[in-house]
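Which chain is which? The protein sequence lines are P and X, in order.
If you're matching positions, the first sequence starts at 1 in my numbering and goes up one per residue.
If you're matching positions, the second sequence starts at 1001 in my numbering and goes up one per residue.
Just so you know, not all the hints are guaranteed correct.
What the hints assert, rightly or not - Quick list of in silico lysine-lysine cross-link-like pairs, BS3-like style, CA-CA up to 27 Å:
1) LYS38/P x LYS1095/X
2) LYS102/P x LYS38/P
3) LYS38/P x LYS1080/X
4) LYS1080/X x LYS1095/X
5) LYS102/P x LYS126/P
Hints are computed from structural coordinates only; laboratory data are not their basis.
Owing to the predicted nature of the structure, the values given are computational and were not obtained by experimental measurement.
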Amino acid sequence: MRYSFLAGIVSIGLVVGSAYLLATGAVADDALDATVNKVMRDSFTGASPEQWASRIEQDEVQAYCSRFRNSPPPEIVERILELSNKEFRYPLDGKLLGDWRKGEKLASSGRGGHIGTIRPDPPGRKRGANCYACHALARSELSAGNLGPSLTDYGKQDGNSPATIKLVYQKIYNAQAFYPCSQMPRFGHNQWLTPEEVADAVAFLLDPHSPVNQ
Amino acid sequence: MRSRAVVLCVAAVVLGICASAGGYAQTTMDEIMRYREMLKEANPAELLELEGEELWATPAGPNNATLEACDLGLGPGVLKGAYARLPRYFPDTDKVQDAESRIVTCMMQLQGFTRKDAIRGWHKPGSKNEALVTFVATQSRGDVIDVPATHPREAEMHRVGQELFYRRSGPLDFACSTCHGLDDRRIRLQELPNLSTKEGAQTSMSQWPAYRVSQGVVWTMQRRLIDCIRQMRWPEPEFLSDTVVALQVYMQNNASGVVLEAPGIKR
Chain P
1 MRYSFLAGIV SIGLVVGSAY LLATGAVADD ALDATVNKVM RDSFTGASPE QWASRIEQDE
61 VQAYCSRFRN SPPPEIVERI LELSNKEFRY PLDGKLLGDW RKGEKLASSG RGGHIGTIRP
121 DPPGRKRGAN CYACHALARS ELSAGNLGPS LTDYGKQDGN SPATIKLVYQ KIYNAQAFYP
181 CSQMPRFGHN QWLTPEEVAD AVAFLLDPHS PVNQ
Chain X
1001 MRSRAVVLCV AAVVLGICAS AGGYAQTTMD EIMRYREMLK EANPAELLEL EGEELWATPA
1061 GPNNATLEAC DLGLGPGVLK GAYARLPRYF PDTDKVQDAE SRIVTCMMQL QGFTRKDAIR
1121 GWHKPGSKNE ALVTFVATQS RGDVIDVPAT HPREAEMHRV GQELFYRRSG PLDFACSTCH
1181 GLDDRRIRLQ ELPNLSTKEG AQTSMSQWPA YRVSQGVVWT MQRRLIDCIR QMRWPEPEFL
1241 SDTVVALQVY MQNNASGVVL EAPGIKR
């Protein structure tokens, strides 16, 4: 099985995680959490209640990953997998392999979603997914980051069988459904991308015509 | 003055290169390294430093007073080495303060400014706040960053800063540690210091405030952090707020032991 985001990595994460916690014990307690929350309350006074709820307050998964420094212990790993595999939304037409050209545009754009007074995005600006910030993809694009693994030739090995397509769709929709506390944004779960856009990103990775596989 | 004008021209050329590169070609990094060497002798931030020096010693505000008696932690009027030991706890305000918040305190206490007037336009290029911080920081050039965070209030801010550094939230699940928690990482081609380690923090923190070649302006650490938080798609924290100060306690503590080279030169 070539997809390293499947089970194997989770068990590595477990070992590393437990070793890390034993070594440093660097896990917050409730008192510190309360202080941090107060500091944030006093610091983000310009945020609207809606911004608080969607951008500062943590969901359960974010809270675990912060507290355990992205290396959760086994029972938390299980809990995150359970929460993350609960709901996937799919495109209404059922097509999980979209348009690779649109996927390429999404992968190249880091725009959208900036708020505040200093340099906000204009309202309604289309959000990019900025896959290139973290991944190498098409060989021709040299300006690629390395926070995540190279995805060049991603569609070449397992091709684009329906099973592969669904797995990769789910990975982009919610990376933590396979790898608890992955640093990769949960693009579909957080509604940063629509299901149709996730399908376009899948096509960019798996479509044989996509430059990722040339 | 003549040599300064030349320096600014050089900087403008770099700016041109950066602005047109768009994709952050590797050559841009190389160019910056070269110009960094060239500009070391005459960093364009010196203009802002001079402006800050003048602001420091010119009577202003309702009290028509200067800032020369400002206590940055080493006693009234002592500038040398003060920036390298910030943030620290100040009994008179009962707060842990960084250079920026402490200078604003002095503007209020000595000159009689309201807080609102003291920070007006703080993020505009060449603002009073940036000039004053640049001047104050330069007075510690060559001093060793030393923020042990031993006072109980400093220790608390250090723990808060560390928690904040790893705190993930928002629509992209980002924390500072997403981008600054591992060695040898890049976003696109921009190199990301690992600020959780001594070495990474020292490499970075020794260079701030910094002249940003891509923007042609000096940025203070508050400005830098508030922009990273913007990239995280969080709302803006308030200027001078404890969130921004706590993160600096954490990073300055990690960086302690390195010689301050401010003002630095950054992309």
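Okay, the hints, checked on the actual structure:
| no. | hint | verdict |
| --- | --- | --- |
| 1 | LYS38/P x LYS1095/X | holds, 15 Å |
| 2 | LYS102/P x LYS38/P | violated, 42 Å |
| 3 | LYS38/P x LYS1080/X | violated, 34 Å |
| 4 | LYS1080/X x LYS1095/X | holds, 22 Å |
| 5 | LYS102/P x LYS126/P | holds, 12 Å |
Hints 2 and 3, counting from the list given before, are not met by this structure.
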